[in-house]
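Undergrad: So the chains spell out like this:
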Amino acid sequence: MTEPVLSVRNLRVEFPTRRGTLTAVDDVSFDIMPGEVLGVVGESGAGKSMTGNAVIGLLEPPGRIASGAVFLKGQRIDKLPPDAMRRIRGKRIGMVFQDPLTSLDPLYRIGDQLIETITTHARVSTGVARARAVSLLAEAGIPAPEARIDNYPHQFSGGMRQRVVLALALAAEPELVIADEPTTALDVSVQAQIIALLKRLCTQHGVAVMLITHDMGVIAETADRVAVMYAGRIAEIGPVREVIKSPFHPYTRGLMGSIPSLDSEADRLVQIPGSMPRLTAIPPGCAFNPRCPHVFARCVLERPSLLPLGRSQAACWLYDDEAAGVADIAEAAP
Amino acid sequence: MSGEPLVQVEELTRVYDVSKPWLNRVIERSPRQLLTAAADVTFAIDRNETLALVGESGSGKSTVAKMVVGLVPPTTGEVVIDGVSMTHPKQQAARQRLRRRIQMIFQDPFASLNPRWRVDDIIAEPLRAFRLVKGRREQKARVAELLGVVGLHPADGRKYPHEFSGGQRQRVAIARALSSQPEFIVCDEPTSALDVSVQAQILNLMRDLQAQFGLTYLFISHNLAVVRHMANRIGVMYLGRLVEVAPARELFVAPRHPYTRMLLDAVPDLDLSGRRRKPVEGEIPNPINPPSGCPFHPRCPYAFERCRAERPALIAAGPAFVACHAIEEGRIGPGVGLLGRAIDPVPAAS
Numbered sequence: 001m002t003e004p005v006l007s008v009r010n011l012r013v014e015f016p017t018r019r020g021t022l023t024a025v026d027d028v029s030f031d032i033m034p035g036e037v038l039g040v041v042g043e044s045g046a047g048k049s050m051t052g053n054a055v056i057g058l059l060e061p062p063g064r065i066a067s068g069a070v071f072l073k074g075q076r077i078d079k080l081p082p083d084a085m086r087r088i089r090g091k092r093i094g095m096v097f098q099d100p101l102t103s104l105d106p107l108y109r110i111g112d113q114l115i116e117t118i119t120t121h122a123r124v125s126t127g128v129a130r131a132r133a134v135s136l137l138a139e140a141g142i143p144a145p146e147a148r149i150d151n152y153p154h155q156f157s158g159g160m161r162q163r164v165v166l167a168l169a170l171a172a173e174p175e176l177v178i179a180d181e182p183t184t185a186l187d188v189s190v191q192a193q194i195i196a197l198l199k200r201l202c203t204q205h206g207v208a209v210m211l212i213t214h215d216m217g218v219i220a221e222t223a224d225r226v227a228v229m230y231a232g233r234i235a236e237i238g239p240v241r242e243v244i245k246s247p248f249h250p251y252t253r254g255l256m257g258s259i260p261s262l263d264s265e266a267d268r269l270v271q272i273p274g275s276m277p278r279l280t281a282i283p284p285g286c287a288f289n290p291r292c293p294h295v296f297a298r299c300v301l302e303r304p305s306l307l308p309l310g311r312s313q314a315a316c317w318l319y320d321d322e323a324a325g326v327a328d329i330a331e332a333a334p
Numbered sequence: 001m002s003g004e005p006l007v008q009v010e011e012l013t014r015v016y017d018v019s020k021p022w023l024n025r026v027i028e029r030s031p032r033q034l035l036t037a038a039a040d041v042t043f044a045i046d047r048n049e050t051l052a053l054v055g056e057s058g059s060g061k062s063t064v065a066k067m068v069v070g071l072v073p074p075t076t077g078e079v080v081i082d083g084v085s086m087t088h089p090k091q092q093a094a095r096q097r098l099r100r101r102i103q104m105i106f107q108d109p110f111a112s113l114n115p116r117w118r119v120d121d122i123i124a125e126p127l128r129a130f131r132l133v134k135g136r137r138e139q140k141a142r143v144a145e146l147l148g149v150v151g152l153h154p155a156d157g158r159k160y161p162h163e164f165s166g167g168q169r170q171r172v173a174i175a176r177a178l179s180s181q182p183e184f185i186v187c188d189e190p191t192s193a194l195d196v197s198v199q200a201q202i203l204n205l206m207r208d209l210q211a212q213f214g215l216t217y218l219f220i221s222h223n224l225a226v227v228r229h230m231a232n233r234i235g236v237m238y239l240g241r242l243v244e245v246a247p248a249r250e251l252f253v254a255p256r257h258p259y260t261r262m263l264l265d266a267v268p269d270l271d272l273s274g275r276r277r278k279p280v281e282g283e284i285p286n287p288i289n290p291p292s293g294c295p296f297h298p299r300c301p302y303a304f305e306r307c308r309a310e311r312p313a314l315i316a317a318g319p320a321f322v323a324c325h326a327i328e329e330g331r332i333g334p335g336v337g338l339l340g341r342a343i344d345p346v347p348a349a350s
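The listed protein sequences derive, respectively, from chains A and B.
With the first letter of the first sequence counted as 1, position 297 gets the number 297 in our numbering; the numbers rise by one all the way through.
With the first letter of the second sequence counted as 1, position 109 gets the number 109 in our numbering; the numbers rise by one all the way through.
Take the hints with a grain of salt, since some may be wrong.
[To be verified] What follows is a list of derived Cβ distance ranges for each label pair:
(1) 29(B) / 64(A): 32 to 42 Å
(2) 106(A) / 15(B): 51 to 61 Å
(3) 157(A) / 304(B): 42 to 52 Å
(4) 22(B) / 16(A): 35 to 45 Å
(5) 102(A) / 92(B): 46 to 56 Å
(6) 106(A) / 23(B): 24 to 34 Å
(7) 162(B) / 157(A): 49 to 59 Å
(8) 16(A) / 162(B): 39 to 49 Å
(9) 71(B) / 150(A): 25 to 35 Å
[Unchecked claim] What the simulated footprint calls covered on chain B by chain A, stretch by stretch (three residues with Cβ under 8 Å from a Cβ of chain A suffice, anywhere in the stretch; the number is not a length):
(10) 195-202
(11) 225-232
(12) 258-264
FYI, nobody ran anything at the bench for these hints, they're computed from the structure.
Cβ atoms here follow ideal geometry from the backbone N, Cα and C, with glycine treated the same way.
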């Protein structure tokens, strides 16, 4: 069996505040295999970006990893000193953020930013780095890269800028790319271009991707597997097709039902009552229990861990007593 | 009531002057620069109907929404609501009476509610402004009723906006919009700032309220799936112009304008049907220097000479209206929409 590129084990991220400690990410574990795209989906405050930031060591203080471990190709990286971590970022882990305007320095030509990234992480001359930068831009679909390389970020449109950021993320030939809402700031038509590009580039370079987004559509188009997060925990994780077509966790079901679809004639959308709990008030037991239509005594008392269900895993007590539970929920499902 | 539409919008155009200051223009000899945010937008909305405007950023949909409610005066063109012009100087008094019947819901519920006011006062403001209630007690009862209508608790009225989540704030904004018992509500991206599960709650609520109070909506959104769910008819905007207006179902079954087809193709496929997405070329051009002729021609796979030279007008094509030379000449028929049903070719307009 091949070794996962990224392995996260029982990750817990805490924010000490005056009014007690907030747990933003709680006991999260997952693997990403080489060449795989893992989608991490959830609503705002679900802890998906926090998980990504914890992996690359960019948690904003006072946030900190309270327990758990992060392994990159078997090497533990969550306890590295800042200097060593900085060498890993950019070199072994590439990053793409939501807003391309803030991830590019407005005062430097994009060529300089690409060349700097390449020469920092590889011992090559500026000339070689420049040639490589041009070919990266061409690969990212920037027309006339020889001329555009000397432009400043403001001379590019939003979609083009995000292409530059993708080129920048792949400049040092990383093993893993963490893309945090890479298409959220873009229009649908441009979004489709960027998704296709991200997927193509990562397949070509054999890069594993952690794709963080709130948009199930983007996940469906891009990811191989998906982790659904709720209140800092993984509610369900599994192959994209399974999670979208036959979700197990009641939250995933509600989430899928609440997305308006282009070809449905339904008058009403499925609606999950209430809203996600604030981090200060996560209920005991299963975090979803106050909103869950199938809640029972155990949900309030005990926190469920991920249970294997076919090729997926879901953290829900309904499936603990498997045979009976599955039959039950299948009937109850809409 | 009469059969004529509640809202009629005639050739609405809004031009912004984005020139540099006078001195710079003189020194640098740069010409005036005009940005046409909306051009020749014409549509009508029937009572109890939802018309949606969709388009990407910069397509002018919000500008049209603001002109319809009168927040932005049109450069040319006219908005007539229930027979009263929103611009005609002689109809000032009638317009004042009309104001109560028009309301707006904005995109960002964090910016559209005054953070220093209690929710009670926010919702009661239209009641006071239009003198719809007499005395504190009646006002209190009415506010409590409105909070109940949008699914909040009457006791929530004592709170400030920051104590609510995004979805709850949008409910407050809806309660405020409903307080003057409007007939027509303009909704500018009402759910774009919300998470999907909350969006579902708000969309369901808006449909319920429409049925309950007989509301007419002008619904602005960039999200085609949301529009599909809400609208009876849909207008697609591109660079300030309407390129297609069609009944909602028709637009998705048989999209006609090449831009509409492109937009539909670009929507991520949640059904995992393996539908091949056509890579979309290019981006929206700069509205300061829009392309000549049809604004879409630089990105259009069907563009030919005439499209570069002459701007197409909206013409009837089946149940839809399309601004496209290729459709008019019958060179392309309606596209195969998402339901995979191709329909008979468009009769070429005379």
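Undergrad: All hints, please: hold or fail.
TA: Each hint, compared with the structure:
1. Between residue 29(B) and residue 64(A) the beta carbon distance is about 59 Å. The supplied range of 32 to 42 Å is therefore violated.
2. The hint said 51 to 61 Å for the Cβ distance between residue 106(A) and residue 15(B), and at roughly 30 Å that hint is violated.
3. About 26 Å separates the C-beta atoms of residue 157(A) and residue 304(B), a value inconsistent with the hinted range of 42 to 52 Å.
4. Our hint of 35 to 45 Å for residue 22(B) and residue 16(A) is violated, since their Cβ atoms are close to 56 Å apart.
5. In this structure the hint that residue 102(A) and residue 92(B) lie 46 to 56 Å apart at CB holds, the actual value being about 47 Å.
6. Remark: the range hint 24 to 34 Å for residue 106(A) to residue 23(B) is upheld by a beta-carbon distance near 26 Å.
7. Taking the beta carbon of each, residue 162(B) and residue 157(A) are about 36 Å apart, not inside 49 to 59 Å as hinted.
8. With their beta carbons about 23 Å apart, residue 16(A) and residue 162(B) fall outside the hinted range of 39 to 49 Å.
9. The beta-carbon spacing between residue 71(B) and residue 150(A), approximately 43 Å, falls outside the hinted interval of 25 to 35 Å.
10. Using a Cβ-Cβ cut-off of 8 Å, 7 residues of the segment 195-202 of chain B lie near chain A, which meets the minimum of three, so the contact claim holds.
11. With a threshold of 8 Å between beta carbons, the proposed coverage of the segment 225-232 of chain B by chain A holds, since 4 of its residues qualify and at least three are required.
12. Counting residues of the segment 258-264 of chain B whose beta carbon lies closer than 8 Å to any beta carbon of chain A gives 3, which reaches the threshold of three, so the coverage claim holds.
Taken one by one, the earlier hints fail for this structure at numbers 1, 2, 3, 4, 7, 8 and 9, listed in ascending order.
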